[in-house]
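**Student:** Chains as they are written, first to last, in the working numbering: chain V, 1 to 382; chain W, 1 to 382.
Keep in mind that the hints are not guaranteed to be accurate.
Remember, identical chains collapse to one label, so a pair may be satisfied in a single copy or spanning two.
Restricting the straight-line Cα-Cα distance to at most 25 Å, the calculated cross-link-like pairs of lysine to any residue (SDA-like) are [as the list claims (entries may be wrong)]:
id : residue 1 : residue 2
1  : Lys144    : Ser132
2  : Lys14     : Glu348
3  : Lys144    : Asn46
4  : Lys117    : Asn254
5  : Lys243    : Trp323
Treat the hints as calculated values from the structure; they're not laboratory data.
Residues per chain, in single letters:
There are 2 protein chains.
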Amino acid sequence: MPETIPQDSIGLVKSSTFHFDQPLSLDCGEILDSYELVYETYGELNESRDNAILVCHALSGTHHLAGYYSMEDRKPGWWESLVGPGKVIDTNRFYVVGVNNLGGCNGSTGPKSINPKTNKPYGPDFPIVTVSDWVESQSRLTQKLGIKQWAAVIGGSLGGMQVLQWAIDFPDSLRHAIVIAAASKLTAQNIAFNEVARQAIRTDPAFHEGHYYEHNTIPESGLRIARMLGHLTYMSDDIMAEKFGRALREGSINFDYGIEFQVESYLRHQADSFVGTFDANTYLLMTKALDYFDPAASSGSDLSAVLEKASADFFVISFTSDWRFSPQRSHEIVKALHDNDLNVSYAEIESHHGHDAFLLALPQYLSVFSAYMDRVASECTE
Amino acid sequence: MPETIPQDSIGLVKSSTFHFDQPLSLDCGEILDSYELVYETYGELNESRDNAILVCHALSGTHHLAGYYSMEDRKPGWWESLVGPGKVIDTNRFYVVGVNNLGGCNGSTGPKSINPKTNKPYGPDFPIVTVSDWVESQSRLTQKLGIKQWAAVIGGSLGGMQVLQWAIDFPDSLRHAIVIAAASKLTAQNIAFNEVARQAIRTDPAFHEGHYYEHNTIPESGLRIARMLGHLTYMSDDIMAEKFGRALREGSINFDYGIEFQVESYLRHQADSFVGTFDANTYLLMTKALDYFDPAASSGSDLSAVLEKASADFFVISFTSDWRFSPQRSHEIVKALHDNDLNVSYAEIESHHGHDAFLLALPQYLSVFSAYMDRVASECTE
Numbered sequence: 001m002p003e004t005i006p007q008d009s010i011g012l013v014k015s016s017t018f019h020f021d022q023p024l025s026l027d028c029g030e031i032l033d034s035y036e037l038v039y040e041t042y043g044e045l046n047e048s049r050d051n052a053i054l055v056c057h058a059l060s061g062t063h064h065l066a067g068y069y070s071m072e073d074r075k076p077g078w079w080e081s082l083v084g085p086g087k088v089i090d091t092n093r094f095y096v097v098g099v100n101n102l103g104g105c106n107g108s109t110g111p112k113s114i115n116p117k118t119n120k121p122y123g124p125d126f127p128i129v130t131v132s133d134w135v136e137s138q139s140r141l142t143q144k145l146g147i148k149q150w151a152a153v154i155g156g157s158l159g160g161m162q163v164l165q166w167a168i169d170f171p172d173s174l175r176h177a178i179v180i181a182a183a184s185k186l187t188a189q190n191i192a193f194n195e196v197a198r199q200a201i202r203t204d205p206a207f208h209e210g211h212y213y214e215h216n217t218i219p220e221s222g223l224r225i226a227r228m229l230g231h232l233t234y235m236s237d238d239i240m241a242e243k244f245g246r247a248l249r250e251g252s253i254n255f256d257y258g259i260e261f262q263v264e265s266y267l268r269h270q271a272d273s274f275v276g277t278f279d280a281n282t283y284l285l286m287t288k289a290l291d292y293f294d295p296a297a298s299s300g301s302d303l304s305a306v307l308e309k310a311s312a313d314f315f316v317i318s319f320t321s322d323w324r325f326s327p328q329r330s331h332e333i334v335k336a337l338h339d340n341d342l343n344v345s346y347a348e349i350e351s352h353h354g355h356d357a358f359l360l361a362l363p364q365y366l367s368v369f370s371a372y373m374d375r376v377a378s379e380c381t382e
Numbered sequence: 001m002p003e004t005i006p007q008d009s010i011g012l013v014k015s016s017t018f019h020f021d022q023p024l025s026l027d028c029g030e031i032l033d034s035y036e037l038v039y040e041t042y043g044e045l046n047e048s049r050d051n052a053i054l055v056c057h058a059l060s061g062t063h064h065l066a067g068y069y070s071m072e073d074r075k076p077g078w079w080e081s082l083v084g085p086g087k088v089i090d091t092n093r094f095y096v097v098g099v100n101n102l103g104g105c106n107g108s109t110g111p112k113s114i115n116p117k118t119n120k121p122y123g124p125d126f127p128i129v130t131v132s133d134w135v136e137s138q139s140r141l142t143q144k145l146g147i148k149q150w151a152a153v154i155g156g157s158l159g160g161m162q163v164l165q166w167a168i169d170f171p172d173s174l175r176h177a178i179v180i181a182a183a184s185k186l187t188a189q190n191i192a193f194n195e196v197a198r199q200a201i202r203t204d205p206a207f208h209e210g211h212y213y214e215h216n217t218i219p220e221s222g223l224r225i226a227r228m229l230g231h232l233t234y235m236s237d238d239i240m241a242e243k244f245g246r247a248l249r250e251g252s253i254n255f256d257y258g259i260e261f262q263v264e265s266y267l268r269h270q271a272d273s274f275v276g277t278f279d280a281n282t283y284l285l286m287t288k289a290l291d292y293f294d295p296a297a298s299s300g301s302d303l304s305a306v307l308e309k310a311s312a313d314f315f316v317i318s319f320t321s322d323w324r325f326s327p328q329r330s331h332e333i334v335k336a337l338h339d340n341d342l343n344v345s346y347a348e349i350e351s352h353h354g355h356d357a358f359l360l361a362l363p364q365y366l367s368v369f370s371a372y373m374d375r376v377a378s379e380c381t382e
């Protein structure tokens with residue numbers, strides 16, 4: 001718990017919920033008759049309603065971008081380092097919106113929610129949602145919030161994929177698209193990592209084909225494996241060497257299967273905190289949304305062709321040691337944007353933090369990102 | 001089953017077993033009073049007994065390097081592409097020996113073997129063995145075979161680590177050390193991948209703390225996850241893109257958790273064949289041997305210092321796209337060998353096959369490896 005909330009934090013925040021009664025047709029063919037989206041806003045929407053920024057979250061993210069829920073809250077929102085008064089995404093200048101994705105487990109309708117048709121949790125019957133579905137639902141939230149056009153839509157990783165989809169599906173609804181540590185589609189290796197994680201969850205006997213809520217259990221072992229594996233791929237070899245190396249927890253080898261190396265301790269700790277907060281069915285859905293994302297698929301895998309629809313100015317950011325979505329993947333996006341004569345800024349940040357770098361307050365990252373946000377702000381009404 | 005055994009194969013082969021009654025003191029402090037090692041030999045030991053080559057195997061390898069056990073045998077030994085008459089490791093010139101490591105599951109004493117003290121399988125009570133322990137046991141096999149000095153000890157991956165240990169522990173017992181796709185110690189990332197695999201096995205309810213034999217079950221789910229994850233790290237992003245890309249098995253997305261992408265099908269198939277043949281307790285032991293391997297640890301992490309003991313000529317080979325043990329890791333070995341003025345040849349093979357490249361018949365690899373083996377042969381008596 002912070003003794004006092006840091007001066008540069010947005011401070012105490014709270015979530016809101018919108019209920020949607022207009023049926024949502026999903027890519028999978030199913031229809032959600034009604035659903036809720038939980039969201040948070042920081043800063044003030046100006047009179048012209050042109051200073052709004054949407055932040056899309058990644059696999060395990062939420063609508064809670066910044067601030068604390070109470071003085072006893074131990075951790076701030078997941079992008080506290082970038083969102084707040086005077087920060088890169090400056091809540092003194094922008095009206096910043098975070099929304100929990102449909103299918104999530106933090107308040108928006110998802111597998112843990114009660115299915116009105118059965119009065120039981122959806123569980124595995126919650127439809128598999130796609131990045132397109134999310135963007136459609138976010139567009140409806142946009143209308144409810146009275147926003148005609150976002151000053152910027154911003155996201156890292158899976159969040160960056162939503163930004164790309166926004167620029168394709170609703171080109172007039174955003175002036176800037178900021179795509180961080182993302183890719184226009186997963187590689188076979190990316191899909192394979194997701195599949196191993198899914199298999200770990202789905203073959204855990206406590207999974208009960210997704211109906212574990214009714215058995216008062218969770219597929220804890222499987223979800224732990226999924227999280228450890230995921231986390232491992234978010235870090236670079238270099239940062240792991242620096243953080244842990246071959247350091248032993250007790251200084252010597254014990255010749256048993258307890259925790260010996262510090263890195264083992266770290267991974268188990270990450271798994272511990274994750275299983276207490278994240279829903280396994282949501283994890284499965286999120287990895288599927290990642291696998292399926294491929295906006296160019298309908299254009300014969302021609303990313304340039306599908307981005308013809310886009311009109312936003314783009315800022316694309318990658319990190320040198322990100323091996324999940326390497327700079328090469330961002331180059332592909334930048335090239336396709338250039339093919340369409342769109343305004344593109346590109347920053348390749350020197351960092352040894354791997355994919356996780358997009359969450360961190362790295363000086364070079366903050367500096368170029370701030371400069372770009374100054375430009376975004378300069379186009380908003382005072 | 002091969003209709004006829006290929007002409008260039010060593011052909012039909014069979015295994016032999018040596019029983020050792022001399023107690024073996026292990027690094028973990030335990031003593032194995034007796035044990036068996038299963039091995040295969042190909043070619044003829046010459047009169048001077050100076051044309052013998054030992055091949056050490058990797059994590060899931062065995063003593064069965066080449067040839068077939070019967071005309072109905074569907075697959076040859078794991079290094080068929082390199083071991084045989086007229087091949088790189090030429091059985092017309094060399095007497096080639098493969099041995100299953102202690103703790104293995106293919107005939108040498110290991111967790112599946114009967115513990116003479118309990119008349120039950122060792123299971124989790126089989127001591128954790130190290131690379132040093134293996135080399136010590138292999139040295140005893142060397143004596144039994146009547147070999148004073150190996151013309152070469154050769155190994156890839158974990159096998160290459162055994163070669164390094166041979167050169168340090170028994171410098172006079174080998175003339176050439178051929179270290180392929182290996183490293184002088186694991187990184188934190190390597191250890192982390194092993195730990196995730198171990199956790200998958202150990203948290204499988206069917207694992208029964210390693211006593212699954214007595215429950216007539218195997219921790220199949222956990223072993224499958226371990227294998228899929230391992231296999232994934234043996235391939236490069238590039239080769240997976242080439243082999244599978246984003247190809248769908250049925251041409252379209254089904255929005256369910258069945259097999260959709262070809263890469264998922266491939267991984268599940270790999271897992272299927274592995275669980276039928278490999279023992280989970282052995283998998284655990286092997287990953288521990290990998291984690292623990294660090295011959296320089298006793299010399300203040302100074303690899304050059306510990307290699308002062310070595311006197312063999314070295315051939316070190318790495319593969320450009322191997323991200324498990326990258327060329328950088330081989331450079332570290334080469335540097336330490338140079339520091340000791342040892343004769344070192346180094347080949348960095350251009351390949352997009354990842355770590356698995358060491359198993360494959362890649363032209364550049366075969367070519368440089370053959371040239372080196374000519375040199376090894378030239379020093380053997382006719």
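**Student:** The structure should be examined with respect to each hint, and the outcome stated for every one.
**Tutor:** Against the structure, the hints:
When the C-alpha separation of Lys144 and Ser132 is checked against a cutoff of 25 Å, the pair qualifies only within one copy, where the shortest distance is 19 Å, while the shortest distance between copies is 68 Å. Taking the shortest Cα distances, Lys14 and Glu348 never come within 25 Å of each other, neither inside one copy (35 Å) nor across copies (57 Å). With identical chains, the CA atoms of Lys144 and Asn46 are at most 25 Å apart within one copy only, with a shortest distance of 16 Å there and 86 Å across copies. Proximity of Lys117 and Asn254 under a CA criterion of 25 Å is satisfied inter-copy only: 23 Å between copies versus 55 Å inside one chain copy.
When the C-alpha separation of Lys243 and Trp323 is checked against a cutoff of 25 Å, the pair qualifies both within a copy, at 18 Å, and between copies, at 19 Å.
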